[in-house]
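Asker: Chains as they are written, first to last, in my numbering: chain W, 12 to 333; chain B, 1181 to 1444; chain S, 626 to 974.
Any given hint could be a false lead.
Said to hold, decoys possible - Below, in silico cross-link-like pairs of lysine to aspartate or glutamate (DMTMM-like), each with a Cα-Cα straight-line distance of 25 Å or less:
| id | chain 1 | residue 1 | chain 2 | residue 2 |
| --- | --- | --- | --- | --- |
| 1 | S | K871 | W | D76 |
| 2 | S | K871 | W | D246 |
| 3 | S | K669 | B | D1289 |
| 4 | B | K1441 | S | D662 |
| 5 | W | K68 | W | E143 |
| 6 | S | K870 | W | E143 |
| 7 | W | K168 | S | D662 |
| 8 | W | K121 | S | D737 |
| 9 | S | K870 | W | E102 |
| 10 | W | K167 | S | D872 |
| 11 | S | K966 | W | E205 |
| 12 | S | K664 | B | D1289 |
| 13 | S | K894 | W | D209 |
| 14 | W | K121 | S | D872 |
| 15 | S | K668 | B | E1443 |
| 16 | W | K167 | S | D662 |
| 17 | S | K870 | W | E300 |
| 18 | S | K870 | W | E205 |
| 19 | S | K870 | W | D150 |
| 20 | W | K206 | S | D662 |
| 21 | W | K125 | S | D786 |
As the list claims (entries may be wrong) - Label pairs and their in silico Cβ distance ranges:
| id | chain 1 | residue 1 | chain 2 | residue 2 | range |
| --- | --- | --- | --- | --- | --- |
| 22 | B | G1310 | W | R120 | 31 to 37 Å |
| 23 | W | E128 | S | L796 | 42 to 48 Å |
| 24 | S | P747 | B | N1185 | 55 to 61 Å |
| 25 | B | M1340 | S | V799 | 36 to 42 Å |
| 26 | B | P1396 | S | G837 | 34 to 40 Å |
| 27 | S | L796 | B | P1396 | 44 to 50 Å |
| 28 | W | K259 | S | M663 | 41 to 47 Å |
| 29 | B | N1185 | S | R735 | 42 to 48 Å |
| 30 | B | L1424 | W | E128 | 39 to 45 Å |
Just so you know, these hints were derived from the structure itself, not from any lab. The beta carbon of each residue, even a glycine, is placed where N, CA and C say it ideally should be.
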Amino acid sequence: MKWLERSGIRAPKSPGSNETLRKSHPTALRLRQSTLCRTPRGLADRIVRAVMLLEVKNLNIEFHDHDRPERAVCGLNLRMEAGEIVGIVGESGSGKSMSALAIAGLLSRKDITKQGEILFEGKDILNCSRSELRKLQGDDIAMIFQEPETSLNPLKKVGWQVEEALRLHTDLTKEGRRARALEVLRKAELQDAEKVYDSYPHHLSGGMRQRVMIAAAMACRPKLLIADEPTTALDVTIQAQIVKLLKKIREEQHTAVLFISHDLSLIRQLCERVLVMQAGHLIEEGAVEEVFRSPGQEYTKKLIGAIPEIPAACETRGKFER
Amino acid sequence: MKKKNWNLLIGGLLSGIMLLFIVVGFFYTPCSPEAMDNAAKFAGVSAKHLMGCDHFGRDIFSRILKGCGNTFIVAFGTVLIGTLCGIFLGAFTGYYGGVLDEILMRVNDAVFAFPSILLALVFVSLFGGGKYNIILALGIAFVPSFARIVRSEFIRCKNMDYVKSARLMGAGDLRIMFVHILPNVMPVLVSSVLIGFNNAVLAEAGMSYLGIGVQPPEASLGRMLSEAQSYLFSKPSMAFLPGLMIVLLVLGFSLMSEGLKRER
Amino acid sequence: MTELCSVIRCGVICEADYTGSRIEHADVCGTGMKGGDMKYIIKKLTTTAATVLIVSFLVFLAFSVIPGDPALSRLGTQATPEALSALREEMGLNRPLIVRYGDWLISFVRGDMGESYSYHMPVQSMILEKIPITLTLTVMSFLMMALISVPLGIYCAKHRDQFADRFIYTLNQVIMAVPPFFMGLLITWLFGLIFRLFTPGGYISYTKSVSGFLYYLIFPAVAIALPKCAMTAKLLRTSLLDEMKKDYVRTAYSRGNHTNGVLYRHVLKNALIPVVTFMGMALGDMLAGSIIVEQVFKIPGLGRILLTSISNRDYPVVQAVIVLIAAWVIAINCLVDIIYKIVDPRIEE
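Same shape as in the complex, but just chain W (with noise of 0.2 Å):
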């Protein structure tokens, strides 16, 4: 509720809370609340803004560490809703890492300027304090990356790390945390979440670990999981099956997800809406199987041509479909 008072609305007790509609059935959410605050209209604007999980507005990125200053990310403009599940592909150094590290606050170096707004609930964390930002990190927006191998502190036990965000943003006690990290550890399909638990990085294998960033990740049940490449350093097995698991939690557990990548085979299979960049610039956007049928841009075409011909055999014989 906590965004609703933000925006200057105070939400009716009613008997099914909006808390929990807003997990389950956003949209419903969003079509009580349109009803409820009909009246005035600026108020309306401001709700409809608000429901808007994620809004980045003409962002730029720059890089000052060279003799003349490097452009990542040139105006984007991102939306996503509650639940959604959105993809950005692109080549490297199309910005699309620099712009998923922005909006997960991880971008702090003194030699990158950052322009715009991200908004998300309402709240720019772009422009906002640290400590505020801090308070979101891990809590409502998690992420997570490219390198399972270095992503995970090797000499911290895999249950410490993942009980981290529920030990920063929650006040549950050890048992708690313990059967939380647990149970997410299982929700990521790791087979004997016990011994996982008691084992120290290197002992797993790099999808292994990449589901236990996974559960790290979903540890707090945020609103938006931002992965950045996550199934880029594994083979196409596993790549699938983190894949299925993205798709499986969000439908479970109505997390956002912005995934990134530059496999847009594998895009075609998770998401609902793509964007495309290239050289720091947003070049078309839209529904993924209106990109896939019609592409607006001679670069699209490219990468669609680009993807090779065996996954989409696999998937007309229905392995990975939608």
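Add chains B and S to chain W, keeping to what the hints say.
Answerer: Relative to chain W, chains B and S alone:
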């Protein structure tokens, strides 16, 4: 906006000046460093004695020039012995591995267990002190460290693709070792040689301070320090000047190795 | 790693070798740690004992083969051949080397270290009362080093490239270049002669006054600790900054940790791994360094005995002191390995 490599610049400059100093000291000193002049005991700074005189009336400036030279020779000899033996041992053990490697590395570990000064002390107690014994003693003490570095680099390099392709083209083991792998080991080796040089300077100064390094009446920085200790209150400059020289010598090389690391 | 490796003493210790080989062993193993721990420790203790044996044998070999005839040096050159051969028989010099080594080792372990040539008294009684002095000095300087360098390194890493960091970096670079004995001279001059905080050469035995003894040792301990302290702080700073660039740090931030949380809960332990190795080696070095610094401050410790025995060619004493120091250094190395194992779960053999 490439930053200026101050470390390399200052280090190089410092080492350059010191080396110039040393070279000059080999050929020319204002006074004889061993000549005693009773009238000039504890003499102050003058045109004749740029840094004054010590308790025997010897010219401190000349003694420092000569002492730097002696320290440098010892350190240089030490590092030379250490590096050459280290490269050979490390290259062969690292490249071939096997039983020989196991045995040599055990011995290496055992020698390595001694702090280098201690090993040199054992050596000196067995063979006596003096400049050349010190070089040999410290040199042997430094071999294991260099051998270790070279060995680990060789182990890392020997399975790399460029080595395999060299082998395919029919290069012999020796050629692979010294023509193909060794240049790749150089960057690591150079900075450890510089640091090794510093340690040799410090060790030599320590040994001479204890009176078992360069033998009197020959001048040596460490020896000058130990002689100056009794007059620390009445004439502290007698201790400060040689000490400062050691610090500058070491500082120059350590800044240079620091700078080189950043260049890489 | 090369960055770290050359900061470490002499470049002499190739960190890359150490850590590299350690991590190579990090294979995927089961999670049953407890049994593995014990096995590892036992294995380490065995190899340590073996190294001590090798070293003591090498020392014994060196001192029985090289200096010539101990009977001759005991009796002097005017001795008659009969007396010499009698003494040789009495000292057991006619038996094979390995038997003599065994005898020597057994009596050494029992506490009988032979008899000094020049003082004609048992070596152990000469050495034993000196050990606490040198050991106190070493441990004291080690504590100083650890207590100063760790916070300093953290501070510099946190405020990197700011004025304080630059200043400390430069200062460290200079201090690292100062040999401990010259540092000792400077301290004697400054604190002893100018500020008159202690009397140079006025060593107080611990049998007389423990507090006076400890107070006097503070100054040599500083002289030994300062250069090592500078090196450790620098190493820790570099190591911390290297770790800060790693991916798991980003993960930690993404969970909402603040900078201190990331630093103390995640990075510090990782960054301390090379520092622990270095400190272990520093502890060995400090013992050797104390030999020289003891001379500066006129402390009658192990160093004094070692040096007088070297100039007197009093081999039994030299041999005993050397073996003791080597055993200490090897034991420290073993301890470091075990600490390593506890800190870093990746080491499994």
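Asker: State the violated hints by number, sorted upward, taking the hints as numbered earlier in the document.
Answerer: Violated: hints 4, 8, 15, 17, 18, 22, 27, 29 and 30.
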